[in-house]
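K.L.:
Chains A and B, in that order, are what the protein sequence lines are. No gaps in the numbering here: position 76 of the first sequence is 106 in the numbering used here, and each next residue is one more. No gaps in the numbering here: position 891 of the second sequence is 993 in the numbering used here, and each next residue is one more.
Please note that a few of the clues may not be correct.
[As the list claims (entries may be wrong)] Straight-line Cα separation of at most 25 Å, SDA-like style, residue types lysine to any residue; simulated pairs:
no.	chain 1	residue 1	chain 2	residue 2
1	A	K70	B	L858
2	B	K984	B	E868
3	B	K181	A	R122
4	A	K70	B	K743
5	B	K188	A	H53
6	B	K188	A	V114
7	A	K113	B	A572
8	B	K287	B	T265
9	A	K166	B	D1033
10	A	K166	B	Q1028
11	B	K449	B	S467
12	B	K188	A	A130
13	B	K267	B	E555
14	B	K188	A	A78
15	B	K657	A	H53
These aren't lab readings, by the way, just hints derived from the structure by calculation.
One-letter residues, chain by chain:
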Amino acid sequence: MVKLGDNTGYAPKQPIPFSHKLHAGDNQIPCQYCHVGVDKSKHAVVPAMNICMNCHQVVKLDSPYIQKLRDMYANGQPLEWIKVHDLPDHVRFTHERHIAAGLDCTQCHGDVGSMERVSQVKTLQMGFCIDCHREKNAPTHCESCHY
Amino acid sequence: MLQRIVKAVIINMKKNVTFWKSIEELEQTAEFEARTGKEFAEPPQKAEMSGMERRDFLKVMAASIAMAGAACTRRPVEKIMPYINKPEGVIPGVPVWYASSFEDGSSSYAVLVRTREGRPVKLEPNVDAPLNATGLSARAQASLLDLYHPDRIKAPSFVQNGTLKESNWEDLDKHIIAKLDAVKKTGGKIRVLTGVSSSPTTQKVLRSFENTYNAASISYDSVFPNEMVEAAKLSYGKSLLPRYRFEEAKVIVSFGADFLGNWMNPVRNMAGFSEGRNVDAGKMSRFIAFESVPTVTGTNADMFVPVKAGDEIFVALSLAYEVARRTGNASVASSLRSYAPEKLESKINFPASHIVETAEELVASRGTGLVVGANPNAKDAVLLQVAVNFINSTLANDGVTLDWTLAPRDYVGSSFEELKHLVAEMHAGEVEVLIVADADPLFTLPAELNCEEALKKVGLVISCADYFTATSAQSHVVCPGTHYLEAWGDANPERGLYTLVQPVIAPLHQGRSCQDSLLHWSGSESNYHEVLKHNWKSEVLPRVSSSLSWKDALKMGFVDAFASKRNDHGRIASAETFNPSALKNLPQLSSSAELSLALYPSLSLYDGRNNTNSWLLELPDPVTKLTWENVVSLSLATATKLSLREGDVVKVKSETFSAELPVHIQPKLHDATAAVALGFAAPHGMQVYPFQSYAHQTPSWNGIKVELEKTGKTALLACTQGHHELENRAHDIFSDATWKEFQHNPHAGIKKHAELPSMWEERKYEGHRWGMVIDTNACTGCSACVVACQAENNIPVVGKEQVIRGREMHWIRIDRYYSSEKGKTANPNVSHQPMTCQQCSNAPCETVCPTLATFHSDDGLNMMSYNRCVGTRYCANNCPYKVRRFNFFEQTLSIKEPMNQVLNPDITTRSRGVMEKCTFCIQRIQEKRNDAIIEKRELKDGEIKTACQQTCPAQAITFGDLNMKESQVAKMAASQRGYHVLAELNTRPVVTYLTKIRNV
């Protein structure tokens, strides 16, 4: 039986092979240093390029990828990241509420600090969400997420 | 056919009053009978969007499904584009609010703009400003769409052979400055023609331009009430515009001014008017309207007297005579003797009793009455306004119900005489350069002025316009301007009150505000932003306080230098200062039996300045309920006499102009009046400005003699009323009562029904229970809620064809009911009832959905999940309120860039095949609940406002948590005036309506 909408294992190639293992794992940069605003917004907010440049103005300038980043930044071209954790359009997920409820990023995104290339580890299908919601007595009425 | 209801009107045994929604329903015409009773219009329509018929598609799919292998799990690749440099304070997904202001002819509002990711998506009233505190008008809400209109001129252009040839600012500026310098050297005339605006900094810019080039400027708007300014000058010696306090008026008389629609500050007027009729607080005013065209204002009158177009002046003078006589003003009474009510009755067949009664009531309410004039450019408009001034002053209403002290300093336009002088200069070939900004003289000015010829004689015509208007087409150069949401500016709508306009988005195209253009051409180094800032810092802010900074002002959006005195009842004008010799040039009392035309600025299009705004074009006019075009309205008697029916196309002929328009039968219209709305132009309606008469060298918009000639053609009118039949249920739908009845019995008008058992267990609502109360006594029918809902909820515009089929998508609609005693249908009472999804506890729609796409939530809402809906349409069939709207076509395909940017990202934009309806703005409920949960606090009463509630100027809609102790909505839902629509169907709606009380 083919499972529709299950994207576990999706790990697309990104324009720059950004390694979370290097940044979040080895260098232990906290998630919210780059993903600013995840606790204030619906979106997780992929960091703006000026956040990358905070360090990469001086760090690892010899890497061709960093040079690509710096060139694009200087030319005003945004990096086109491929979205890994994508929910269908009819789902409205709010990061803000989940952070406020005390969830850790790894519970849904897996151990990102060990990923060279980000891949989706949980199914993120509705059942996955409802299971946790039922466990934690979070709202399960339809209009919480579908409106 | 199953048993047909012979007569769809029910006769109330007690009152002998019938309710009806349209003339067709009253008459039970054959077409009406054929159309109603059917849930959806037939025959099924082929989608123009796709080339294939639905059944063919299914046949093809059936074949191909057999051949399809395993379904693919790969979904489309989505990209994330981060900011390159994230602006400080902006977090994607979190809205940012700015304060700005909006000026629309003679109305001015302080607005709050909600922006998402740098683009404005919704306008709300700035409730802190003492101007329009409670709401915004329909036009103000729709102004958002104009920012994203695809027809906006993108680049500065030269005009060649009536078409635009794109250029750039450098070339254009060089060309213009060269010409200006050349003309300055030879001493030629340079003129600037603008619309009327209250912006003090714009005045400064104009002065500086005038000084640089020895130029002169005229600011004139046909629809601006210039007659009031002139009348004030004649009456009191000062050119002023008054401000009104309808909340303090016990008796209000109007001669056609649409003060609850689009005249002066309708939002403030509506708030005051509703407050003055707050029956629960024991307040009730009496409103008598003498109108040639039934406006939305007139539909709220307790006594409505139809007047032949052009005869308002006689009625006004007659009323002035009566008031003078009763207050012992012998000299004025004798000069107006020829207008005594008896004379009106004998000479123009106008019932004397109406004038006598009105005068009695006015005199009895001395000091608390209010007389308001006529719509702009009525016949003998200035004299009519002088008569109005006389009555108000004689009865000591000045300073109480109308206030001259609040008039701002510089807010008056030029007179028509000055405009005529300019046109004469142009005709004489004296004007070398003409700059036209924020005005369209070729569209609106009388044909006799021959502006087109005059323009041809001007060396260089520069049109600062956003759209390719009639005037732009005859210009040499078009300089695209900026929408107010992209521009800096200010306004001074009342004495001491200054509001700011700030840009919330960079100009979408290459527009440049006309002030910036003028500054650049004057050789100024500064741009308008700098000039504005400087002006405010040096002149405006010090008037308010020495500690107020520019940033403070920007944040608030307004400053008030007159705050402590705003409610003073100072009197500039009074009986002592009124100059009786202003009552001069009295017209002869005579009338003919011919048909008289009245042109009026429609509620939605006003004078035509946004006549391509699709939200406004699809907004049903509150009186006619027509969309997408203008028509010639006639009374039923006149139409019958001329053997004309609804939709027949006639040629309306005046002495100087003719146009073909479809006929619309309009109750409350005087038999000798034909009414046509201004502002429309092909392809949506007809340009009718050329009908305006130019007798006595001033434009007049009513009292124009016309004839109707049949053409034999018929047209289908896109009317939103008349799709459904009332089916003997009138008194289950709308309750009204008279003031006397209400005072004896607070439940007056409400039909009692039996306690009904329910098949299902009563739902328990622990936690929140969302409810709404709609006060039909406060609702004036202005339809601002309709546009606000459209803006907030991404409701598509369907176009005229689909509206004819009953497929308009508005989630909230204002149902218009006429009610009259049997046989007296010419001047019925009008009732407005906003109708939304009633969120029924026993919803008939929920039980029939095969996919459970619609269901009831724990907090009392009837929810709609669009992705589950397969488009059975059974729910819409079952809904007795007919509030469910179906997406027959893929409306998103017709959204042209950049209009897609107006869509609210917080709500799903529905695609084809999906049912939608009012959700009580679930996105707002979720947003505020989110905030409260994160801040670890309870929700406050009134914190969540639905879009309709937030924009209602009369505060007729209240929304909130019925389970919250002491919440406003719980208190109002328990009101003795409360009833549910179609209660006996036992749907148990959560929307409570409050009875309308009429002071008859």
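K.L.:
Starting from the hint list further up, note which numbers the structure goes against and sort them upward.
P.N.:
Result: hints 1, 2, 4, 7, 8, 11 and 15 break, sorted rising.
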